[in-house]
Amino acid sequence: MSGFVLKRVGFAVITLFAVLTIVFFIVRVLPGDPALVILGDQASMEAIEALRARLGLDRPLAVQYLDFLSGVVIGEWGVSMVSGRPVIEEILKVLPATIELTVVSLILGAALGIPLGIWSAIRRNSLPDYVTRLASLLGLSFPAFVSAILLLLVFAIQLRWFPVISSIQGESIGERLRDLALPAVNLGIIMAAYITRVARSAMLEVLNQDYVRTAYAKGIDFTAVILRHCLRNTLIPVVTVVGLYLGILIGNSVLTEIVFNRPGLGKLIVGALNQRDYTMLQGMMVIYTLIVVAVNLITDLTYGLIDPRIKYR
Amino acid sequence: MRNRISVSVACAALLASSLAHGAGTTLNVGMASADAGKLDPHVATTTPDKGLLHWMFNGLVRIKPGQASPAFIEPDLAESWTASADGLVWTFKLRQGVECHGEYGALDANDVVFSLRRAANNETSGFANDFKALSSIEATGDHEVTITLSEPVPSLLGLLVAYHGGNIVCQDAVEALGDQFQRSPIGTGPFMFAEYQPQQYVKLVANEDYFRGAPKIKEIYYRYIPSDASRDLAFQSGEIDMIYGKQDQTWVERIKEIPGTMVTVMEPGEMSVIHLNMTMPPLDNKLVRQAVAHAIDRSAMVQFKGEAVTRAAVSPVPEGYLGHTGDVPTYEYDVAGAKALLAEAGFADGVTLKAIHTTLPGMLTTIEAVQALLKQAGINLEIEPVEHATFHQRIREDASQVVHYSAARFPIADVYLTQFYHSDSIVATPSAITNFSHCSVADGEIEAARVEPDSEKQNMLWAAAQRKIMEEVCAVPIYQNLQLWAWKDTLDLGFEVKGSLNLSPAITELASFSN
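Protein sequences, first through last, are from chains A and B. Heads up: the first sequence begins at 2 in our numbering, then just goes up one per residue. Heads up: the second sequence begins at -8 in our numbering, then just goes up one per residue.
If you're looking for bench data, these hints aren't it; they were derived computationally from the structure. Worth double-checking, as some hints may not be accurate.
[What the hints assert, rightly or not] A few chain A residues that face chain B, going by a derived Cβ cut-off under 8 angstroms, partial list only: (1) G33; (2) L40; (3) Q43; (4) V165; (5) V271.
[To be verified] Derived DEER-like restraints, expressed as beta-carbon distance ranges: (6) V196(B) x G11(A): 48 to 56 angstroms; (7) E186(B) x I299(A): 34 to 42 angstroms; (8) P376(B) x R229(A): 55 to 63 angstroms; (9) T115(B) x V10(A): 44 to 52 angstroms.
Think of the CB as a built atom: it goes at the ideal place given N, C-alpha and C, for glycine as much as any other residue.
Kindly generate the complete structure, drawing on both the sequences and the hints.
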């Protein structure tokens, strides 16, 4: 087990190195000059060149690259080129908001998706199945920013139950939940749609297995067959999808964050990209890579909990 | 059922508590930006950052709140001033009893000298260029500052208003805070920096010691709301009291529908101009440039963008700017005439022009409309849409035949003329700014006007420059977009708002809620 974890950490370091290298060069190959963005469009070419020199952007790429790598190793991520605030501080200030939103949406998605998927599989080709399938298809194909606006219109403007601006400053749990509710539902719907479809097809497969027929033949009660024999085996593909999707979700939360005015990584990276904030982009890539690697590792370890036959070597 | 009622009651209570927060002395402002940039007035260039700093700083002089034109300059930190006969030595008497925010003490001549020198230094300021002609800035008394110029400038007072480098910072604060200053700026204005929450808001509090009196508004939350739709919804739900608008007629119509809303259209205008690169064939042929000018129907463009928020532009200097003249050669909309000009130039079958263009929606719709108009005259405009930062870099590399640019500048003719039409500013040269057309026909007039002490003669030189530029068709001005804001009609700013140099309505000690 510990050997497995060590091996995975080794892979993670290599992945991180590769990602950082690619990001470093890609942001610099992109046209668009951070010095111009910072100084604004009235700046003279002389002033822009002077700022490029101050930011160290006039040095050879190789020197900048080595500087950057050593910075990452010793934990010096520099300051944002645009705001002048330390990169790590900027990221850590909004990271909890993104994690909170993602985890709550995931829980919502699973709580809704797994039972619906299973129910739909059991009632295959009946009305509940059709309705569930249609609903999950809608959930998947509905753009997040449209559903977000609809949620705001109904719950924040018409009913006035929730605020349009979801702050993350709420002091009591009630306030925090109130701020989190609409964004989490918005992301949770998409998550639920995915999970429903995967859970349904996994359940259908399990229902056709010999051991299920045997269980029925033994005269075991229907509910017990589903809960004791089928559910666990259904969960493996669900966990895979959740793991895969969690990484994507953290990145994809950007539209939800923007429409609901929640601080978060998504908003930070879009801003950094628009402004060609190299240091911020690099810092964010380190964080994203770490998150994806960590989620994958957790997913792999979860398989063992669900299915004891899976061994780690 | 009982449960549902209790949930509703709880929600209503929560809502009531959140609304109470917004009334009375707390002003919530919604700004179209994802986050704050550098909050140092000598570095900040973006509309959201300038708009916020506007409420925290003073200059030696200011433009009367509610106006944007340098014609309305009045005393601010300086009580009075005198200029030598040749206009090269200026002495400013400072107001006594002005306190810097926080614990940074009284403002004196040393602070002003420090601040202006800082603004004139390329290492610490983005506006050093504006202060090139200031050869010395000295404290000649505890409350007296003398500025000596190496040559006359079009408007020294214009440089000293609370805008860009003219904002006065407190020396002790800048030195004590170091890099922190750009995160917690210290000025002398009616409101003080209190708190920054990333991607959420900057909170300002009233400066109770403000020299014009304590502000009636006690707190301002400047909220960063990048999504246009959610900003509008937050205004509709009452979570924000004042909202930065989209430059779009439909926005005005929509936001007006919300009861108790006041919409304000403000100067200075942002002018949309089609710059024609006179070094790239076929645009090196003046007849072709004239054909382009005749093929664009300004009144159709104004209708397209909305008459309430746009006005047609005919001159290279926007209307409302000091030195603007409308008395320039104009090119009436005339498709047949445009075709005839093209034929005369030897392009009877039409021409194809290329424009590298930003994907910013507001600008893209304009160029697409222009494209459709040009098409009727046989001018095929090919648009290469690129992301905004890429656009800015590419056009500065002299890579685009046609450049559609939209900008507001300090409202003095010299600024627009120098940056867009003086040969020193031609793109892809060491002193480049934004002369995309390679225009150089009015260098003499622009330079002469810059140092002309007699304002009447100065205006005549500026007018001559504008006529020459239009005669040469270096560019085709299309329309001016005005600044749009809306706020609750219970908010009284204390004066009529016609303009704002910093692009946000002035919020001063006079602003208050009427309920």
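Do the hints match the structure? See the list:
1. G33: holds, 3 angstroms
2. L40: Constraint on L40(A) satisfied, holds at 5 angstroms.
3. Q43: Holds: closest Cβ of chain B sits about 6 angstroms from Q43(A), inside 8 angstroms.
4. V165: holds, 4 angstroms
5. V271: holds, 7 angstroms
6. V196(B) x G11(A): 48 to 56 angstroms: holds, 52 angstroms
7. E186(B) x I299(A): 34 to 42 angstroms: holds, 36 angstroms
8. P376(B) x R229(A): 55 to 63 angstroms: holds, 59 angstroms
9. T115(B) x V10(A): 44 to 52 angstroms: holds, 45 angstroms
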